[in-house]
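Residue numbering for the sequence shown follows my numbering, beginning at 7 and increasing consecutively.
Because the hints were derived from the structure by calculation, they are not lab data.
Among these hints, one or two may not hold up.
What follows is a set of in silico ranges between Cβ atoms, one per label pair, in the way DEER data are often shown [what the hints assert, rightly or not]: (1) K124 - K417: 22 to 32 Å; (2) K180 - K349: 48 to 58 Å; (3) D47 - K153: 25 to 35 Å; (4) K380 - G170: 52 to 62 Å; (5) P392 - G170: 29 to 39 Å; (6) A161 - K374: 47 to 57 Å; (7) K349 - Y168: 39 to 49 Å; (8) A161 - K260: 38 to 48 Å; (9) V351 - K380: 30 to 40 Å; (10) D505 - N481: 14 to 24 Å; (11) P121 - D219: 14 to 24 Å.
Beta carbons: idealized from backbone N, C-alpha and C, even for Gly.
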Amino acid sequence: MFFWYFHLMARQENITKKIETRPPIVVVMGHVDHGKTSLLDYIRKTNVTAKEAGGITQSVGAYEIEHQSANSGQTSKITFIDTPGHEAFSKMRARGTKMADLAILVVAADEGVKPQTKEAFGHIQSAKLPFVVAINKIDKLNVNLEKIKSELMAAGVALEGYGGNVSWQAISAKTGEGVQELLDLILLAAELENLKYDPLAQAKGIIIEAQLDNRRGVAVSVIVKDGTLRLSENIATASARGKIKSLENFLGGKVDVLEPSAPALVLGFESLPRIGEEFLTGETAIASGQVLMSAVPKASAVRAEKGLEKINPVRNSSISNGVKIILKADNAGALEALSDMIKSVPSAAKPIEVIDQSVGRINENDFKLAINTKAIIIGFRVNFDPATDNLRRISSVTIIVSEIIYELLKKLEDYLGALDKPNLIGELEVLAFFSAQNKNKQVIGGRISQGLVKNQQKFEVWRNEQSFGQGRILNLQEQKKDVAEAAMGKEIGLLIDADDIIKVGDKLKFYVQ
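Using the sequences and the hints given, assemble the complete structure.
Shown next as structure tokens:
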């Protein structure tokens, strides 16, 4: 079946071509906090008009600039791919090198070569990608450029002027010093690569991101590598296909056509394609899409209809007493990164298993699965489907959500850490003291900071990090309704019997009875 696909590709190559030069696609890489984002921000602010810069949509993950060469005076376009800096997104950075024509390796002048510098250089080498080095933060005091160059040479980066052929430029992303010269180097390197495309050909390119938009459906970010992308054309990858219903440029403006190396947002895919896949359009897309999709196992395709937007299907859990996790994220790249990071989260007492993962809002199906499997739900940059309001109120499902991946992983580690402590299953911070007939009947309110809290459960009172007596829950309420148990993050009311009067700020620790 793949023979048909390649036959169609070959047939397309034989059509009369009109070869033109296309702009370079550039990925910027480097160690976190070395100024990659600052450099991109400076380039964007100074090479895209103020009005346009404010309209750039981060969902596309790439943008286009125009730069006037200091040497020739000619204005040329450059497309930049943005890659996240957190270690969780290593796969996305590796894919960035495969999507790009050129790379900029950013190294901070005040810190030198760091682990992610070496990782980025490794990705560049693996992809055999031409690159230039930007030594950033030269505005800092006591910067030693010779030391940085020596470190780069020791790491295998053969710089010009030191026996190698890798161009470099000292810059300040803060002041802009050297940035225009860096862009000149990029255009010079692009000329040497002789980047070409055929504007008459059917479009080909790469999927750079995919997400499920609550209003518009499947939204896919792409970069065109050859041909011209047109509205209303069929489009297909190895795992998904559709018809282009809407085409937006990197500024969010609706367009009818886009040429290489333009980033675009495509609406019209029937399901979420995999990041990094090649896409085809036109008649080739219809035929090759049918062939390729028939060769892809259904379980591996990313569905996005009727709330079943799954990356992987629900599996029978291989653990009986471990922590089962349902993952949700706003896009496929973030979901992949989160899944990889969770595998490395330490949990001494209980094994961890991701039983389901999908793109989009936390919905009823996620809650039902969590209830049936006793799983927790972890959400990254997602909100709740309104239909879950009732389930959220009455269920005891533990939900951990955050807009920041560092914070999300810390919350998960705290949750697992509480479970790892002998017999400790929950902890509550006292937020309010309402009344007390005596110490045997006190009404208090609090938030569950770890684990579960169950009605009729015994607890220890902790004050100023010291044990301060014991007690028992007589009644448990959430939203003024009696419940059997409540999970982490919930605010609850309690009627308790304790050894002493409880105070705001006390912590109640709950153990297996």
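Which numbered hints fail:
Structure breaks hints 2, 5, 9, 11.
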